[in-house]
Amino acid sequence: MLKIGIISFAHMHAVSYAHALQKSKSAALVSIWDEEEKRGLEMAEEYDTNYFHDLDDFLASDIDAVIVCSENACHKEHVIKSASYKKHILCEKPIATEVEDAIDMIKACEQNEVLLQVAFPVRFAPAIQEVKELMSKGEIGEVLAVNTTNHGQMPGGWFINRELSGGGCATDHIVHLVDVLRWMFDEEVTSVYAEFDTRFYDIDVEDCGHVLLEFESGMVVTIDPSWSRPKTFPTWGDVTLEFFGEKGVLEVDAFKQHSLFYNDHDNRLEHKVWSDDMDEGLIQDFIQCVQENRSPFISGYDGLKTLEVVKAAYLSNEKKSPTSLSS
Amino acid sequence: MKVIVIGNEAETQEHLSFWETKEDVIVERTIVMDEKKIDLLPNPFALEDHVDLIDICVSTELKPIILKKLRGSIPIVVASPIAPIIHKIKDVLAFIKEQQMQVFITTPLMASPEFSQAHAIIANQQLGKSGVNRISLKSDHKDRMLEQGMNLLDWIYRTFGDFQTIYAKQIDKKTDTKNLEYKIIHIRHVDGSFTHLEMAQGFGKEELNLEFAGAKGMLSNKSGETIPITMNLAEEGRVSINPTGKSLATRQLESLYQKLFNKQETLDRSIEMEHVLYFADAIEKSLQQQMPVTKGDDNLVEDRNY
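Just so you know, the sequences run in chain order A and B.
The working numbering applies: residue 1 is where the first sequence begins, and numbers increase by one.
The working numbering applies: residue 1 is where the second sequence begins, and numbers increase by one.
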């Protein structure tokens, strides 16, 4: 049985990963470290596990691997430290807030011979996996353009503190779609144009914008990463891609498989997704990686390449012109 | 009020039906055009000089020809776009100005129920500060794309205001069976809001999707999800029926009629049309230069002498 610890519940995905670990037959959540002691103790109680006050003590324990879900800006410190203790690592996205940090993290993991996987769970959504299959069969021919969205509701908390998050909706959402497209088409982004603004909320980071990418093949991709879903929206957000190919159009909505819940108790309409849990797929894959000592399905390099696109988008927004990326 | 209707066979009847419902309107004459025999259009000076309005309802290709033939002082109503390509629209607008013609150019999308509703909700600030607007049009009909493209820009300008920056990308691909055209237009408006306009032609899909997100709410409408009637027939398969109620022509003419008689506002839309042409110019320039085009930059020289 693989012993896994979680570093911080700052990111809400930690809860989902903890649930997935509870369901796993080959791994167990054995300990938690969290800078916020109150939250760490609550989570330890919730998941019936141990809480460590000290990160070094936590890492010196007999855990095999860690899941890093701290604030984005803390990923570097937590990943490098975990690697120094020879722990395999699943790091929440984005891999880091700066490209140089991501490179240092990858190097540290290589030097310590530990696995570094970046959490891009969208790859594990059944609908997305099916689309990847359809694309590889050339069902819609050569893809000329893709119109994508990763909308969400504004998460608040440290997500809107630039020092901790590295940025707003662009940092939060662009990486998912760039990762999925790099994976599907096995090619890199060559040009990025983006404009961002803060229009929905009175916050210090961007909450909306548009991103236009060009891939090596000339494929044009647009991304709407906005935190534009209203409070009354029936779910947190979406991940949608519409592919325009020579032979037709393919649309995918990663969370389309849901029931509508007319919730009179809370006076709201809710989407209840019933498709396979992508977070569970991600965790299961990470566990297998460690157990089989195979290369991660989603590597630190994947995290780095997606971060490069995010940083290029911010640069484009600043310069008001497209930014080129070399592959 | 005396009206002359000049139109093709398909559209004339619809326009006549509208005018006939108005007690104070007499349709003085109806000229049904054979669009292949344009030379048979009567000399405008032979038209009754006591006519109050000429209602033109012909294909977009013929509109410039007829407008030029009808030079004169009788007010004319015609739906936008007034020509099939930007260059010709500019040409006709310049002609109208030069000849001091009174041409009322109606905006079809302002009369279209879903667009007029959205315009009203946005104009009434029900969505609050405008944030991100997404419009996607897919069609296999080239003519529809050209017309709707202009009409969408017209509606976008009237609803969200002028642009600050436009960045457009277009991909064309010729396959064995068809020509594919994908165009994406990023519009940053003067007020800072975003419009993401996508137009895809030839991909085998007929669809119009709208989403307008503001600080106080979001409005969305997907054409495929608002069709009220579907039949599944054993032999023909699935048939969708989308009854439109009053026709678009009727809605446009009703709006014009109310304005004409109530004198609610100016009917001269040439200034607005010029702004729409600036949008079109900026898109063209962005495509040519493969760069964003920003107002005030050297790369966008506004020619205000349309």
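Warning: the hint list may mix true and false statements.
Unchecked claim - In silico DSSO-like cross-links for lysine-lysine, where the CA-CA straight-line distance does not exceed 27 Å: (1) B/K169 / B/K285; (2) A/K247 / B/K88; (3) B/K169 / B/K37; (4) B/K37 / B/K68; (5) B/K285 / B/K97; (6) B/K88 / A/K137; (7) A/K231 / B/K68; (8) B/K169 / A/K247; (9) A/K320 / B/K37; (10) B/K285 / B/K90; (11) A/K319 / B/K169; (12) B/K142 / B/K129; (13) A/K272 / B/K68; (14) A/K107 / A/K132; (15) B/K68 / A/K247; (16) B/K174 / A/K231; (17) A/K247 / B/K216; (18) B/K295 / A/K137; (19) A/K132 / B/K68.
It should be emphasised that the hints constitute simulated quantities derived from the structure, not laboratory data.
Would the hint linking B/K295 and A/K137 be met if the CA-CA limit is 27 Å?
Violated, because 45 Å separates the two Cα atoms, which is more than 27 Å.
For the pair supplied as a hint, B/K169 and B/K285, is the alpha-carbon distance within the 27 Å limit?
Measuring from Cα to Cα gives roughly 11 Å; hence the hint holds.
Take a quick look at whether B/K169 and A/K247 sit within 27 Å of each other, Cα to Cα.
holds (20 Å)
Run the distance test for A/K247 versus B/K88: straight-line Cα separation, threshold 27 Å.
The given pair, whose Cα atoms are some 33 Å apart, is violated under the 27 Å limit.
Satisfaction of hint between B/K37 and A/K320, Cα-Cα up to 27 Å:
The hint is violated at about 52 Å.
Need the status of pair A/K247, B/K216: alpha-carbon distance at most 27 Å?
Violated - the C-alpha atoms of B/K216 and A/K247 are around 40 Å apart, more than 27 Å.
Given pair status - B/K90, B/K285, alpha carbons within 27 Å:
Roughly 16 Å between the alpha carbons, so the hint for B/K285 and B/K90 holds.
B/K88 paired with A/K137 [C-alpha distance capped at 27 Å]:
violated (45 Å)
With the threshold set at 27 Å, check whether the alpha-carbon distance from A/K319 to B/K169 stays at or below it.
holds (19 Å)
Below or equal to 27 Å on CA atoms is what counts here, so check B/K285 against B/K97.
holds (25 Å)
Is B/K142 within 27 Å of B/K129, Cα to Cα?
violated (35 Å)
Quickly compare the C-alpha distance for A/K107 and A/K132 to 27 Å and report which way the hint goes.
violated (30 Å)
The structure does not agree with the numbered hints 2, 3, 6, 7, 9, 12, 13, 14, 15, 16, 17, 18, 19 stated previously, though it agrees with the rest.
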